[in-house]
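Protein chains: 4
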Amino acid sequence: MKVSVVGASGYIGGEAVRLLMTHPKVQPNQITSERFAGKFVQAVHPNLRGSSLKFSSINDLEETDVLFLALPHGVSMEKIKDLEKKAGKIIDLSGDFRLRDPEDYKKWYKHPHPNPEYLKRFVYGNAELHRKEIRESNLVAGTGCLATATIMGLYPLFKNNLVKDQVIVEAKVGSSASGNKPNLSTHHSERSNVIRSFKPTGHRHTAEIIQELSFNSKPQVHFSGTAVELVRGILATSHVFLKKGFTKKDIWRIYRQEYNDEPFVRIVKKSRGVYRYPEPKILAGTNFVEVGFELDPNSNRLVVMSAIDNLMKGGAGQAVQSMNIMCGFEETTGLEFLGLHPV
Amino acid sequence: MKVSVVGASGYIGGEAVRLLMTHPKVQPNQITSERFAGKFVQAVHPNLRGSSLKFSSINDLEETDVLFLALPHGVSMEKIKDLEKKAGKIIDLSGDFRLRDPEDYKKWYKHPHPNPEYLKRFVYGNAELHRKEIRESNLVAGTGCLATATIMGLYPLFKNNLVKDQVIVEAKVGSSASGNKPNLSTHHSERSNVIRSFKPTGHRHTAEIIQELSFNSKPQVHFSGTAVELVRGILATSHVFLKKGFTKKDIWRIYRQEYNDEPFVRIVKKSRGVYRYPEPKILAGTNFVEVGFELDPNSNRLVVMSAIDNLMKGGAGQAVQSMNIMCGFEETTGLEFLGLHPV
Amino acid sequence: MKVSVVGASGYIGGEAVRLLMTHPKVQPNQITSERFAGKFVQAVHPNLRGSSLKFSSINDLEETDVLFLALPHGVSMEKIKDLEKKAGKIIDLSGDFRLRDPEDYKKWYKHPHPNPEYLKRFVYGNAELHRKEIRESNLVAGTGCLATATIMGLYPLFKNNLVKDQVIVEAKVGSSASGNKPNLSTHHSERSNVIRSFKPTGHRHTAEIIQELSFNSKPQVHFSGTAVELVRGILATSHVFLKKGFTKKDIWRIYRQEYNDEPFVRIVKKSRGVYRYPEPKILAGTNFVEVGFELDPNSNRLVVMSAIDNLMKGGAGQAVQSMNIMCGFEETTGLEFLGLHPV
Amino acid sequence: MKVSVVGASGYIGGEAVRLLMTHPKVQPNQITSERFAGKFVQAVHPNLRGSSLKFSSINDLEETDVLFLALPHGVSMEKIKDLEKKAGKIIDLSGDFRLRDPEDYKKWYKHPHPNPEYLKRFVYGNAELHRKEIRESNLVAGTGCLATATIMGLYPLFKNNLVKDQVIVEAKVGSSASGNKPNLSTHHSERSNVIRSFKPTGHRHTAEIIQELSFNSKPQVHFSGTAVELVRGILATSHVFLKKGFTKKDIWRIYRQEYNDEPFVRIVKKSRGVYRYPEPKILAGTNFVEVGFELDPNSNRLVVMSAIDNLMKGGAGQAVQSMNIMCGFEETTGLEFLGLHPV
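Residue numbers (the numbering used here), protein chains in the order written: chain H, 1 to 343; chain L, 1001 to 1343; chain A, 2001 to 2343; chain S, 3001 to 3343.
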């Protein structure tokens, strides 16, 4: 089966290429980059040294079975009609097709969507929430990395109607989430050692979070992002006030019920040892989500921690997981890496 | 004027020694450490290479004008009666005398206080809140580092009665806050690159925060701590729901009113540039607090960011500031370091 | 085929377990740790969360096809006679059996070897240099991490007789190379951000380097180690003075001749881009060695750079490579991970 | 006394401004930046928040007592004639006036010097080597950061004629040494965690090193640079082969003889503790040089380690030290910061 990646010079595109190169069921056919067309993939991704893959231009894109789009936000949505003709199945990794409601898109992205009919056709590509729809769809929207971490932590609580009032989410994130375009704020001397609030209010991923956690009504979820010293990884800490009467045992039961059969979800909550809660550092390169929690003995607050690798479960890994589902492969194929310790 | 530091081999004790060595009005007389008694201070604090200061045993402690206690939590409160005889003025840097109410102490520290009468006598050593009491007192309790960052961010809001309902505080903190005793969780390979929840609920500093922010009633402040890759520094992010009708302008006015004359407080909120909000990395070695905020346009949530160096404004720096006040020196004496950029 | 790992709670032991868990031809049978006997492997190695493997005591070690020994230096050499009875093939990852000459052992390790007859029987487990002997042996000594990086850089030059006079090697190394036993020098606040000379002279790996680079005579190789801020990875920089008359082209030819067919060696030397020379950071988790060089236009100095992941090609990865050779598997089996970018 | 800084938006320029702001004998008058003219200094240097200093254009430069030039390499040498008219004393921090011999300049900088007569007039601004000339000069050239670290380590050996044959220097350096202009190689995700050879041969600072270590003849010093994970700091490790007959005691004596009266030089060589050798991390923000050594018991190799903060003793700190000498101030004025531990 032939797979192509459009926009393969970015971090998520490069991660997709890496995963496809060792995937036993598919072969990366074309990978595109306008800036690097004609050059070997290793010109940008040094981990792929030795590969004979070369970038080509999107203008030379051939028909393919599966197409990954890893373009900057705003590009796919302009080109989607043409790109759809090239591939039986499309997985778009940008923010262009994640929201179902054109009004939501307009509110959070500050301009109307040029092809709103596609918003209904794309499936939100979180396998744990939408496995069935993904299997039946040819158009999947890769999910936002910060949204993915948050949703995976909160979904069982909202689905089972435990949440009262406002939810506060504070996500800590490494530098790779801002992509590979250099500027002063990502210059090493400036970005190193920071604990930098970058989007205390108004982060676009909030829209996805609210959409995916809406069961009977839109939840009041408030999101803030903080950049920390790390390259890969996200820890979302969510503070939830529970409706009356839930015990630690209930929470355990609810998380187990939702996630016990999930191949990529680990519930992490230990009373001893160094790694008691979800920890992004050990997830680098893996497609796992770790979810854990702690009940405040002094109040009805539940603190939920959820960790991912932003380029994997928050990007290319989840996209390959979706491809596996769409193509009828074993869902974990090509995503078996266990992660490193220490790292 | 003679000053001694008991427990000078720890990180906060060492920082106090450093500050006193270059303070123009005092001279470090004795510094104690049981483990390093007889050795030069540089045996533990390599930045003080070249100093002829030596550690001595607490048993050899002489009378002194000012005494800094930087002992592990639980030690000062047992020895306070004896130590009080040695010095006209005492600044204790542990958690032993920060709470006014013995019941609070028992609740958060899980055992009764052995000398509860001292809880009333010690002043909570945050100069911005208690300058007058510090000036008039001979017993000052150094404040908790995480509590200091949080309180400095929230104090103007509580004092001016803007806060509605629950407040969520999430503090990110570097490794030096856990002291210099090695264990597996602070082993470099394990501690590097983490985003580690270490006290999602039940952190003892919560008690100080609630105490200091109680104006008419005890506030509902919920605190969680996360360890990040950094040696020095804290960023506390507080999520506050405001009572009706406050605008960005009001918030500015309130912060300015409380902090404009404070020599160590900077209000930081910019719409451009790399450092738009409080940033601990540029505060390393300084006694500054940076406070900033952002109002959520979609709700009544105010996000307050506050940053300090945990060993300075969150420890030895604030203690020297208290000493300056107690002794009638210019408050900023010996604390003029501006901080480094980049670092 | 059954494989067991003795001493599996350390970093190299844990890495061996990880590799064996996803190796298609073998199954990890027993993993031992005295301290953690009875506990799940994830108690120490959080990346293996979800595995049902448990540590057992070395006293309960059963017979096995292949045995990896990842014990602290000095232990294997005492127990080797007993351990040999348990397994058809042994790969020892300590420093106990790397040197051929008992006199060398005594000189560098400062005590006589208790079982010197084994020094002759063990093969030095560097596949690129000793593939044939490894294939025919049942006893393989895993190679020192710093030695591996150095040897891989210098071997083609010594083998082809290009080196004149003294060679200086300076290796930079991450914290995982010093193992997982906490002490003050590895405490995060002390170990972070260092550029710390830790063994400017007298490093034991020098003995292996000299042994493996001796063709007609013992080479004069001088080794110094420097610890840098990093968890995994080594870059060895070797400064070689060449005999007369060699050009850049000659050097290229010699490296290509020795390494072009090697599945785990990459020659890296580019005139543009960010990653022009060997770079350990992109090798984390892989079994690759990168080797590059630069000729000084002002002298006959050749600077050789060589990079590895110290726990992989410098430890468990190379051991699995040896196992693959000993057992007749494809040499790269279970070692296909390409590495991450960025990381 | 009035001081101005031309090119104050860079890292070394900013560091000079910081030092001058708290220097008791001078006042920063003008600071220039073409890009930031009209803006407050904190627009670029967030550690100087609160200062009312503003950048102006070089075109508006007024006459001043002392002028610091912190322009990109190649600019000062074009403008020097005009700039000389503006100030009684000039300290240039670029590479433009460090070499005495125009032929050397041409060889290492690959183009002829436009104003070679100035090469004779400028004094190489290393106070420990040229204190007397600096005192008597009005034109001082700030020294290269890597050169400074290297020279301070090797100077006593060459001066006292101990060195035989070739010397190999390998310097490890943090990211601030490459300035504040963003590009892909300094992008946080790419620059983090590297051990990156950046100039294994041909580094321009080699010219300064050779010039300053030439006593009877030009020494054979070979320099290589490696970028490591750190913002501030350099450790130069120099490998020297000694002439016959020198003992550890002799080396101690020679270093003590040269450096014992130097206020900014510390000889560091301990047999126990964490910080046994020179360590840049504890020098951040200070003007100290640490120098240490180890004699190889197996050969005549001496390993010399020397550490500095590249922006301080390797830049602005050394420049202020020169200013102090030129102006007749106490040499350590404004440079008393002791450095932080831990950091």
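Any given hint could be a false lead.
[What the hints assert, rightly or not] The following label-pair restraints were derived from C-beta to C-beta distances:
1) L:GLU1063 x S:SER3299: 36 to 46 Å
2) L:ASP1165 x H:LYS81: 27 to 37 Å
3) H:PRO114 x S:LYS3110: 49 to 59 Å
4) H:ARG256 x A:LYS2039: 13 to 23 Å
5) L:GLU1078 x S:LYS3132: 17 to 27 Å
[What the hints assert, rightly or not] In silico SDA-like pairs for lysine to any residue, Cα to Cα no more than 25 Å straight-line:
6) H:LYS269 x L:PRO1182
7) H:LYS244 x L:GLN1027
8) S:LYS3248 x L:GLY1050
9) A:LYS2243 x S:LEU3139
10) H:LYS110 x H:VAL75
11) H:LYS39 x A:ASN2260
12) S:LYS3199 x H:VAL274
13) H:LYS270 x A:GLU2330
14) H:LYS199 x L:PRO1182
15) A:LYS2054 x H:LYS39
16) S:LYS3269 x L:GLY1038
17) L:LYS1085 x L:SER1137
18) S:LYS3107 x S:LEU3139
Hints listed in this document are in silico derivations from the structure and should not be mistaken for laboratory results.
Just so you know, even glycine gets a beta-carbon here, dropped at the ideal spot from N, CA and C.
When the hints from earlier in the document are held up against this structure, which numbers fail? Numbers 1, 2, 5, 7, 9, 12, 13, 14 and 15, in rising order.
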